[in-house]
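Enquirer: Construct the complete structure from the given sequences, taking the supplied hints into account.
Top line first, the protein sequences correspond to chains A and B. Per the numbering used here, the first sequence runs over residues 23 to 447. Per the numbering used here, the second sequence runs over residues 30 to 279.
Hints are not guaranteed to be accurate.
Stated by the list, open to error - No more than 16 Å apart at the CA atoms, straight line, and that leaves these computed lysine to aspartate or glutamate pairs for EDC-like:
1) A:K437 with B:E87
2) B:K139 with A:E445
3) B:K142 with A:E418
4) B:K142 with A:E416
5) A:K437 with B:D147
Hints in this document: simulated from the structure, not taken from any laboratory.
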Amino acid sequence: MSESAYREMWEKLDLDLAAHDGLLEVLGKFYGDIYLSQKGRLNGAEYLDFVLSEVHGLRIKELQDAKAQGKKVIGTFCVFVPEELSLAADAVQVGLCSGADAGKELAEEIVPRNTCALIKSFIGFKLAKLCPFTESCDMIVGETTCDGKKKAYETFGEHVDNMYVMEVPQRKEASDRELWKSEVLRFKDSLEELTGVEITAERLKEGIRIVNEKRRALQRLNALRAAVPTPISGRDVLLVNQISFYDDPVRFTENINKLCDEIEERIAASEGVVPEGTPRVMLSGCPMAVPNWKLPWLIESSGAVIVGEESCIGTRNSRDLVDESGETLEEMLDNIADRYMKIDCACFTPNDERPQNVESMARELDVDGVIQYALMFCQPYTHESIKLDRRLSEAEIPVLGIETDYSMEDAEQLKTRVEAFLEMM
Amino acid sequence: MIAGIDIGSRSMELVLLDDGNIVSQRTLPTTFDPVAQLRKLLADVAPERCMATGYGRELVREAGLPCPVDTVTEIKAHATGAHALHPEAVTVLDIGGQDTKAISLSKAGKVLKFEMNDRCAAGTGKFLEYTAAVFQIPVEEFGEYALMGENAPVINSMCTVFAETEATSLMARGTRPEDIALGLHMSIARRTVNMLRRVGGKLPVAFVGGVARNPCMTSLLRQLLKADGPDLLTPEAPEMTGALGAAMLA
Numbered sequence: 023m024s025e026s027a028y029r030e031m032w033e034k035l036d037l038d039l040a041a042h043d044g045l046l047e048v049l050g051k052f053y054g055d056i057y058l059s060q061k062g063r064l065n066g067a068e069y070l071d072f073v074l075s076e077v078h079g080l081r082i083k084e085l086q087d088a089k090a091q092g093k094k095v096i097g098t099f100c101v102f103v104p105e106e107l108s109l110a111a112d113a114v115q116v117g118l119c120s121g122a123d124a125g126k127e128l129a130e131e132i133v134p135r136n137t138c139a140l141i142k143s144f145i146g147f148k149l150a151k152l153c154p155f156t157e158s159c160d161m162i163v164g165e166t167t168c169d170g171k172k173k174a175y176e177t178f179g180e181h182v183d184n185m186y187v188m189e190v191p192q193r194k195e196a197s198d199r200e201l202w203k204s205e206v207l208r209f210k211d212s213l214e215e216l217t218g219v220e221i222t223a224e225r226l227k228e229g230i231r232i233v234n235e236k237r238r239a240l241q242r243l244n245a246l247r248a249a250v251p252t253p254i255s256g257r258d259v260l261l262v263n264q265i266s267f268y269d270d271p272v273r274f275t276e277n278i279n280k281l282c283d284e285i286e287e288r289i290a291a292s293e294g295v296v297p298e299g300t301p302r303v304m305l306s307g308c309p310m311a312v313p314n315w316k317l318p319w320l321i322e323s324s325g326a327v328i329v330g331e332e333s334c335i336g337t338r339n340s341r342d343l344v345d346e347s348g349e350t351l352e353e354m355l356d357n358i359a360d361r362y363m364k365i366d367c368a369c370f371t372p373n374d375e376r377p378q379n380v381e382s383m384a385r386e387l388d389v390d391g392v393i394q395y396a397l398m399f400c401q402p403y404t405h406e407s408i409k410l411d412r413r414l415s416e417a418e419i420p421v422l423g424i425e426t427d428y429s430m431e432d433a434e435q436l437k438t439r440v441e442a443f444l445e446m447m
Numbered sequence: 030m031i032a033g034i035d036i037g038s039r040s041m042e043l044v045l046l047d048d049g050n051i052v053s054q055r056t057l058p059t060t061f062d063p064v065a066q067l068r069k070l071l072a073d074v075a076p077e078r079c080m081a082t083g084y085g086r087e088l089v090r091e092a093g094l095p096c097p098v099d100t101v102t103e104i105k106a107h108a109t110g111a112h113a114l115h116p117e118a119v120t121v122l123d124i125g126g127q128d129t130k131a132i133s134l135s136k137a138g139k140v141l142k143f144e145m146n147d148r149c150a151a152g153t154g155k156f157l158e159y160t161a162a163v164f165q166i167p168v169e170e171f172g173e174y175a176l177m178g179e180n181a182p183v184i185n186s187m188c189t190v191f192a193e194t195e196a197t198s199l200m201a202r203g204t205r206p207e208d209i210a211l212g213l214h215m216s217i218a219r220r221t222v223n224m225l226r227r228v229g230g231k232l233p234v235a236f237v238g239g240v241a242r243n244p245c246m247t248s249l250l251r252q253l254l255k256a257d258g259p260d261l262l263t264p265e266a267p268e269m270t271g272a273l274g275a276a277m278l279a
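Expert: Here's what the structure looks like:
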């Protein structure tokens, strides 16, 4: 599709074209520096490059085409929104823009300044008219995973006419499970009302299968990347995880499995993107949405390789599958509710699963250290970061805590910390 | 001869080692033209190898010096330098121009854990320099002056600019300026001790970096850490520690 046709589409979506051009230019340059400059990249990375280069182009065109056929588009910000149900309602589910400092000043007019960069970003993208995903949505689904988001959705809801909020419980008792199940049902009803499609057992079974296949492909990738020498850069795996929120799930799964086939060949030939003996680092903490690649880039350009992301845009999104044995609609909805209640988000109290998951992941991946990444002002993860620091130190796993946002002004200071951490190993 | 260069935000230091012995150490202000200053610093010497550290370490690499240049972070450089000067220390505190670092060391001098201040210069030498200027006292004499204080008011602001506002309003209320100066030192000392505790805070502590010359900071840290004579160690030339460590790693 031609550039002018895209511009026409963006204009119809009421984007600020000049500002959007600026954003794409910065994104392109950043991508070139951070991704295209890598040596020995897999052939399968062409898929990643293509999807990213068309993230506001072809993918948006596909969404418009789907809408023209009567399908609905559901926008989300969190791994708690069950994509299985959206697919069963014949809708398309996509993650919304929230990984860049766009429209920050505008956002700070309507939310407190000491709000995390991710929240400011999704509000900023909306106010500055920069996110074609947000503008394509028939329904935007928020969730109560932290106070910042919870209150921000109230304000965000004044600027979009299709805001919907799911209540995520804060504990994991039986009553919390009940609350969550009722939220899953409420979401199902809302989807049916929006789309006019009845979510039948047959449709939901297929939805569960598609999303599980996507998670299986990610699990396969995560298992393969652990090989020595490391066959794929951490930056590329992060990108795969990021794209899993944007691209068509079936196409994504197919391409990631192809990428995995290629990685298997590499492993068989003992080929890696870095030499054996390169320090292995695991990231843990807050999600990194496109194009938030600052820290992974600093880490990998300082001579280490990232071999795991314990994050929502990482293993937290792919670790657990929905039990596929359910036959009735009721059983399947129960299985969905159970699967999502396993998420070890820092919004839960207590959240004892997470330290266990982090420690065992660090051991399984045989990492030389864990870098905890927290967005400034993210209460849940900065709190857990202090506890995790203690736990990992006791387990004699080196750990470094980083608190930052989306700006580049602290890149040098972060680089010093990361380099010093690598010197320690 | 081997050179260690530490380029910080405020000053740059050079230590020259010959056969492991310090043959020369010197310092110059960093200014806004660090490369010109660096050339001046090295004008009459021709080291075989050079190790650069500090936030300007990449500048040294790119400055086209007539010797091979390698770089090391200021964490490792300070740890190495402090361990050489005070082998008994298990914690290193460095307060420089814009950075404060707390490092815990193994008995053998290996870095076990470290903490640094965030992107803001609160609680660093810059903070002292800025507040000393408000008192119209040279920063080198600010510590002596603060020691004349008796009752330190609590200064809550960690932001340098807000701390000045707080100090000004204390002055307006008639608080003795020496007391305010002591309060400002105390606010940094408290913050520093917190950072030390996050890395374990074990004694003895080697206190290095330019601010270690400030007698009020040393005294307050002793008090807060309950550190007797041999538990808080300061080298004769504390600002040279990073450059010394770098030279030893060259």
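Enquirer: What hints, given by number in increasing order, does this structure fail?
Expert: The structure breaks none of the hints.
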